[in-house]
Amino acid sequence: MAEIIENEGGGHKKGKRRAKKHPAHIDMTPMVDLACLLLTFFMLTTAFSKPKVMEIVLPSKKKTEKPPEVDDSRVVNIILAENDQIFVYNGMADPTKGVLPTLVKSNYSKDGVRKILLERNKDLFEKIYYYNDSLTRGLGKYKANQPKDSIDRQVRRLRTGDKTGPIVLIKAADGVTYGNLVDIMDEMAIASIARYAVIDLNYVEKKMLSDAFAGKNVENQQ
Amino acid sequence: MSKFKIAHKAPSIDMTPMVDLFFLLLTFFMLTTSFRPQEAAQVDTPNSISGLLAPEKNVFTIYISKDNKAFFNIDNGQDSTSHVRAALLKNMGDYFRVPFTADEIIKFEKLASFGMPMKDVKGWINAEGSARDRMQTGIPMDSLDNQLAMWVHFARLNNPAAEVTIKGDAKSEYKTVKKVFDMVQDKNIDKFNLTTIMDKVEVKPLK
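Protein chains in written order, with the numbering used here: chain A, 1 to 222; chain B, 1001 to 1207.
Hint data in this document are derived by calculation from the structure and do not stem from the laboratory. Quantities reported herein were computed from a predicted structural model and do not represent experimental measurements. Some hints could be false.
What the hints assert, rightly or not - A partial selection of chain B residues facing chain A, derived with a Cβ cut-off under 10 Å:
(1) P1011
(2) M1015
(3) T1045
(4) D1142
(5) D1145
(6) D1199
Stated by the list, open to error - In silico lysine-lysine, BS3-like type, Cα no more than 30 Å apart, as pairs:
(7) A:K50 <-> B:K1204
(8) B:K1204 <-> B:K1122
(9) A:K110 <-> A:K62
(10) B:K1178 <-> A:K61
(11) B:K1204 <-> A:K163
(12) A:K115 <-> B:K1122
Idealized CB from N, CA, C, for every residue including glycine.
Looking at chain B on its own, in the form it has when it is part of the complex (with noise of 0.2 Å):
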């Protein structure tokens, strides 16, 4: 029999440092992560070596999916008291006779990429959840009801600072992307980014 009782306690370990760990790295992320929202069609950008940052305010950006379809969006401008969204709702309201409420338009400025015949805009701003996803059908742009052009003439005319954005899938048609760059042109812009993703290619001089 031994002499010492030995204490039936649990071993404890001290958690704090831990603890004091995790809270950091947690806050770390929290006060660096944006928040993307999400968009209107999956995009599969193509590769490209270059490596300029793409420019996050007084920009507006035309998606074209997989399917050859446009989805549209703008930033609010270049701060919170310029209101670019609204002011872009609303005109395109009166162009179209689609009336919105003051409500309507300011939900609508919280929101991110669309992409839905004007009669269906409303909907869509009330929609909710998967209902919402559903209804991102792509934006005409044929020749008799080119919608997507009134969404970038009235885009020009509420944020003439604003770039061209063009991100499009891979798998896209150029026909597509060449109507689209026609448009816009037609509007007075020349210079586009092409949103791709980085790919490092190394070449050396040939002997």
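So here's chain A without its partners, still in its complex pose (with noise of 0.2 Å):
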């Protein structure tokens, strides 16, 4: 460790008593201590992990582009409401054209919405497993060493291409929290639904909530 090397010099005036002539000890101790205790500190204060975010396109208020048609057939009603509940509907409700379609109540489980959406999606959402499937083990003709953007252009056309995928609709009624919204895109996101957007609740299904609760015209999901 420390030492401080002194000069010798020469063998004059024998008579003087020399100090004996040991290495300059310093006592670490203390220092070792406070960088023990600044250590602890930085470790335990490092948070590694960055926040994340998901990204999510609200649709444009400027009234300027037409609506883009939509295929009744392929719409999925999604209705938040309280406690989180949920209730789904297909198509569209139009009380002049006879009965309202019924409700089916289901949850944020993974049997609950999420079933719904993986089976109406079946196609889509096979495609894709298979692709990234395929990507992470090496097989046909994609390389496990694509560039990022290049999946992620990939996995985006088959999106686009979709024709026969489920079109979701979000309505949030009442009562539901900020975390429910973003379990439901997250949903999205885990069933790779194409198309989906979140609008406001219109009048009639306001009624068919309200006949829900009190559990007309609703049933349990199978």
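Dock chain one against chain two, each of which comes alone in its own frame, and use the hints as you go.
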């Protein structure tokens, strides 16, 4: 450790006592203690995981574009309600065309709304799933070391080319939490839904919902 | 009686390698740590499968706490030469007729997220310690006195490249978040980053 080398000044003046030549010793304990303390502090305060975000693009409010033509049979409506309830119905609710569709009561669990979405979106989901799967396993013509944006582009192509998958309309009733919204958007991402939008509840749906709360025209998910 | 005298010396251990290692680790952690300033409100964000990294620069964040209060934060822009926060506070001071001194503006530049009515901002900048935390009462955002909209408006003016991040509590009302969405969309931004905690989910195709 620290040592001071003294210059030996030749053997003159024999009678004088000389200091013993021990290396000068510095006590490092306090420094090590402090280093330990700081190390512990930094180790405990460091957060390695960087914050993550989910991107969402809401439909523009400017009414310049015409709303896209939607094929009724592809529409799946998801109504979020209070206390983590979800009600699902297919197609359009048009009171002029006779009876209103029955609401199916579902939930956020993995056998809940996810199952409905996966069933409806089977084609596209399988395409994307097997594409990713063959990438990770290096099967077929896909190379595992493709750049990420070319993979993203391919997935996007699969999504936009989808002509049969559901168009999901998400509608939030009163009493819904922000967590519910993020959860349902997450289900969209999990089920690889190509088209979905968050819109407002309309008058007919409000009535259907209050009927459902009263136990009318509603059934539980199989 | 033994012939040899045992030296009564404490056995000494050479600690040098350990200390070396400590310093190495200490240096590593000191250099990799980035301190996040304390946030205006405790927010428990929801989970999602998204692994997108949150933007760090050119972003303004609107926090929505559990009790549906709004807080605001904006960074200083691309680099230290662009004083977005300073310009923003000056604009807000002019608009709401709350004059700020040059000192207060410099102080504000170094602070982080905040949430209080305009009349309390001055007090918040000058407060210390826990008094400062107690002043975080939320930015008014009702239709009569929509100060949050003005913060967003001037933030957009001073940094047109800024993205929006919404950091909402999972328990906050959708109604409140929707209000914030609408308000930001009025300022011509349709893309939002929602802060979430990554949570991997494995799903296989149905049989």
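Hints and how they fare:
Below 10 Å, beta-carbon pairs count as interface contacts, and P1011 of chain B has none with chain A, the closest being about 16 Å; its hint is therefore violated. Interface hint status for M1015 of chain B: upheld, as the beta-carbon distance to the closest one in chain A is roughly 7 Å, under 10 Å. Annotation: T1045 of chain B was flagged as interfacial toward chain A, and the flag holds, the nearest CB pair being 8 Å apart, inside 10 Å. About 18 Å separates the beta-carbon of D1142 of chain B from the nearest beta-carbon of chain A, more than 10 Å, and the hint is not met.
Nearest Cβ of chain A to the Cβ of D1145 of chain B: about 22 Å, over the 10 Å cut. The hint is violated. Look at D1199 of chain B: its Cβ gets to within about 8 Å of chain A, closer than 10 Å, so that hint holds up. Between K50 of chain A and K1204 of chain B, the direct Cα distance comes to roughly 28 Å. Compliance with the 30 Å bound is thereby established for this hinted pair. At roughly 55 Å between alpha-carbon atoms, K1204 of chain B and K1122 of chain B are farther apart than 30 Å, so this suggested pair is violated.
For the hint pairing K110 of chain A with K62 of chain A, the CA-to-CA distance comes to about 37 Å; that exceeds 30 Å, so the pair is violated. Between K1178 of chain B and K61 of chain A the CA atoms are separated by roughly 13 Å; this keeps the pair inside 30 Å, and the hint holds. Between K1204 of chain B and K163 of chain A, the direct Cα distance comes to roughly 22 Å. Compliance with the 30 Å bound is thereby established for this hinted pair. Between K115 of chain A and K1122 of chain B the CA atoms are separated by roughly 53 Å; this puts the pair beyond 30 Å, and the hint is violated.
When held up to the earlier numbered hints, the structure conflicts with 1, 4, 5, 8, 9, 12 and fits the remainder.
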